[in-house]
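Undergrad: So you can see what is in the structure, the chains are spelled out below.
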Amino acid sequence: MGEFIDFIGNNLADFWTYTGFANATVGHLIMILVGLVFIYLAVAHEFEPMLLIPIGFGMLIGNIPFNMEAGLQVGIYEEGSVLNILYQGVTSGWYPPLIFLGIGAMTDFSALISNPKLMLIGAAAQFGIFGAYMIALALGFTPMQAGAIGIIGGADGPTAIFLSSKLAPNLMGAIAVSAYSYMALVPVIQPPIMRWLTTKKERVMRMPAPRVVSHTEKVMFPIIGLLLTCFLVPSGLPLLGMLFFGNLLKESGVTRRLAETARGPLIDTITILLGLTVGASTQASEFLTFDSVLIFGLGALSFVIATTSGVIFVKIFNLILPKAKRINPLIGNAGVSAVPDSARISQTVGLEYDPTNYLLMHAMGPNVAGVIGSAVAAGILLGFLM
Amino acid sequence: MNKIKIGWLLSLALMLGMTSCGEQKSNTKLILNEVLIENQTNFQDDYGIHSAWIEVFNQSYSSANLAGYRLKVSNQPGDTASYFIPKGDVLTLVKPRQHSLFWADGQPNRGTFHTNFILNGTTDTWIGLYDSGDKLVDQITIPANTLKADESYARVSDASEDWEVKGASEDKYVTPSTNNQTQDSNAKMEKFKQHDSVGVGMAITAMSVVFSGLLLLYISFRLIGKASVSVSRRRAMKTKEVTSVEEAKEKKLGEAPGEVFAAIAMAMHESQNMHDEEETVLTITRVKRSYSPWSSKIYTLRETPKK
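Those sequence lines, one after another, are chains A and B.
Our numbering numbers the first residue of the first sequence as 137 and each following residue consecutively.
Our numbering numbers the first residue of the second sequence as 4 and each following residue consecutively.
Looking at chain A on its own, in the form it has when it is part of the complex:
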């Protein structure tokens, strides 16, 4: 009888070593807390809920402590586990292009086509990427790591994941979480910079209504866009190719079902998998490092630089534009590609100073140009550094 009780006792003691309670570390608890904050921000304040809910919950999943030596094949970094299989879409970089397919199928480029000079704002905002790249180099990161960190300034989650999976896979978790966090925090980061850099007169500047764009122009845009950008930067092909393909599905008018799948069920499925696995990849043992802290700091800086350069570029650009064609500098922030949040911020800040001045459609131009610009920048970094 005593032996049997010993046996039960040993079994229970064994079982205890497998539980989360026995394996928990302070790191796990911190990351669970961060995950809960993400979920809270998404539910209570609706900060990018589509991203923060999967990422936040993914953080909980990824930080449930378990006995790493037991070979249970449950952790995201254990080869063959379900999470690891789902995570391969991130590590091998095929989730981001599929997200871009959906983005292309849901984006209306009319604002950009009707006023193509807005594209240059999208280019100017990419200074954020290279500003952060230079600072990261100064902090001692290697050029490849610096390139992967810099792309956070492009404010484009899929692009950041795509590039970091190629250039610095070990930093990908921190880079992805940082990029998505700051995209969610765009309403907090951008308005003070926009107000600080503009005068009251500039903020109430009105822009002429965009002209109506013909169907032919809309169909030509993805084709010409693909040919021009990808001939220049072939390494951007996975992202740009899918973005423009998705847009052609939308604009051709004859592939409605395909476009609806791309912008609906497909992008939703990939967003769920991408968000969840990126969140789960923040396993405390891999994620809680000093580098992650630096990456978060650099991410914030890159957003500040991108916003600043976008707004300042518009102000400089206005010096050479005729008065009737001048651009409201409040849409300069939209050059970072966080679509459509940064364009919405241009609108909100603009309305604060003139309740009848609607900047949303104008801001959508640089906003979608930012998507193209950041994908091109990612292609360049990949081409130079790989």
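Worth flagging that the hints you see were computed from the coordinates, not collected in a lab.
Mixed in with the good hints, there may be bad ones.
Quick look at which bits of chain A chain B covers, simulated, 3 or more residues with Cβ under 8 Å [stated by the list, open to error]:
| # | segment |
| --- | --- |
| 1 | 242-254 |
| 2 | 350-357 |
| 3 | 500-513 |
Cross-link-like lysine-lysine pairs, in silico, DSS-like; alpha carbons within 25 Å at most [what the hints assert, rightly or not]:
| # | chain 1 | residue 1 | chain 2 | residue 2 |
| --- | --- | --- | --- | --- |
| 4 | B | Lys-98 | B | Lys-32 |
| 5 | A | Lys-354 | B | Lys-255 |
| 6 | B | Lys-255 | A | Lys-253 |
| 7 | B | Lys-252 | A | Lys-354 |
| 8 | B | Lys-151 | B | Lys-75 |
| 9 | B | Lys-229 | A | Lys-459 |
| 10 | A | Lys-461 | B | Lys-254 |
| 11 | B | Lys-229 | A | Lys-354 |
| 12 | B | Lys-75 | B | Lys-90 |
| 13 | A | Lys-459 | B | Lys-255 |
| 14 | B | Lys-254 | A | Lys-459 |
| 15 | B | Lys-252 | A | Lys-253 |
| 16 | B | Lys-255 | A | Lys-461 |
| 17 | B | Lys-229 | A | Lys-253 |
These numbers were taken from a predicted model, which means no experiment stands behind them.
The C-beta atom is built at its ideal place from N, Cα and C for all residues, glycine as well.
Dock chain B against the given chain A, drawing on the hints supplied.
TA: The following block gives chain B in isolation, referenced to the frame of chain A:
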């Protein structure tokens, strides 16, 4: 008429395509990469024997299968030995940018990678690699007495055009089953560290490319936009029977802003009075949910036992 034009265009495209195909070099994935004829102290096979070897390299970025290929060797015209690489061995699949080594020991019974011929360095040695369609994909001739013991004849680096003798000096070493030129550093990274440690060069270059790309798009769509406005103006001129372009520009024909279309749509909606009066009409729509056994109550309830 249109069909004829399309036919002409397609034929032209096909012709151009065929011409460009003809100009292309044969694009083979698998090539001969390194050969060692007299093996005294070099690489051993699985049996611990030093034999001559031939290295094949997959120069592409996708896997390539050697099954069904032939290795042919000749030391004098008219005397060619041929080894058929057997099918059905998974190891014949060469991964992207990887190597496969064949032992020229005349012992094919020892496995897929042991050929039925041996190599002889005292006369010129010709080695050819033939694909499964018996088409020559690569060949090399090693001049007689070029190689001493444990020296190999190899491409300078993997898949490069030029060949050289390896093993004669410290910096040119024999590399069975591995890269002909070992890369012990990331050349690009080193270059960046050396010339652009601050990152300014990268920032300037990359931003120039980003601006160029979007500038090209801007120019293209400025031109396309102008052409589009001009086409709509011409159409509007035809409808309104205006002949002078100046007059059309003055009247802004073909440049109706979005608000005009919105106003027209609203007017049509109002005039056709398509909508019911929402304040007085109560519409009850039957909500139809699609059936699914996952949500079916019948399937989730246990059946009453039959007596």
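Undergrad: Each hint should be assessed against the structure and marked as holding or not.
TA: Evaluation of the provided hints:
Counting residues of the segment 242-254 of chain A whose CB lies closer than 8 Å to any CB of chain B gives 5, so the stated coverage by that chain holds, three being the minimum. With 5 residues having a Cβ less than 8 Å from any Cβ of chain B, the segment 350-357 of chain A passes the three-residue criterion, so the hint holds. With a threshold of 8 Å between beta carbons, the proposed coverage of the segment 500-513 of chain A by chain B holds, since 5 of its residues qualify and at least three are required. Restraint check: the Cα-Cα separation between B:Lys-98 and B:Lys-32 comes to about 11 Å, which is no more than 25 Å; the hinted pair holds.
A distance of roughly 22 Å separates the Cα atoms of A:Lys-354 and B:Lys-255; the hinted pair therefore holds under the 25 Å criterion. With a C-alpha separation of about 22 Å, the suggested pairing of B:Lys-255 with A:Lys-253 holds against the 25 Å cut-off. Annotation: proposed proximity of B:Lys-252 to A:Lys-354 holds, straight-line Cα distance about 24 Å (limit 25 Å). Restraint check: the Cα-Cα separation between B:Lys-151 and B:Lys-75 comes to about 22 Å, which is no more than 25 Å; the hinted pair holds.
Between B:Lys-229 and A:Lys-459, the direct Cα distance comes to roughly 20 Å. Compliance with the 25 Å bound is thereby established for this hinted pair. In summary, the hint linking A:Lys-461 to B:Lys-254 is supported, as the alpha carbons are separated by about 20 Å, within the 25 Å threshold. For the hint pairing B:Lys-229 with A:Lys-354, the CA-to-CA distance comes to about 14 Å; that is within 25 Å, so the pair holds. Simply put, B:Lys-75 and B:Lys-90 have alpha-carbon atoms about 17 Å apart, close enough for the 25 Å limit, and the pair holds.
Under the criterion of a C-alpha separation no larger than 25 Å, the hint pairing A:Lys-459 with B:Lys-255 is consistent with the structure, at around 20 Å. Taken as a hint, the B:Lys-254 and A:Lys-459 pair is honoured in the structure, with Cα atoms around 22 Å apart against an allowance of 25 Å. For the given pair, B:Lys-252 sits about 22 Å from A:Lys-253 by alpha-carbon distance, which is consistent with the 25 Å threshold. Distance hint between B:Lys-255 and A:Lys-461 is fulfilled; the C-alpha atoms sit about 17 Å from each other, no more than 25 Å.
At most 25 Å may separate the alpha-carbon atoms for a hinted pair to count; B:Lys-229 and A:Lys-253 meet this at roughly 13 Å.
Checked against the numbered hints above, the structure violates none of them.
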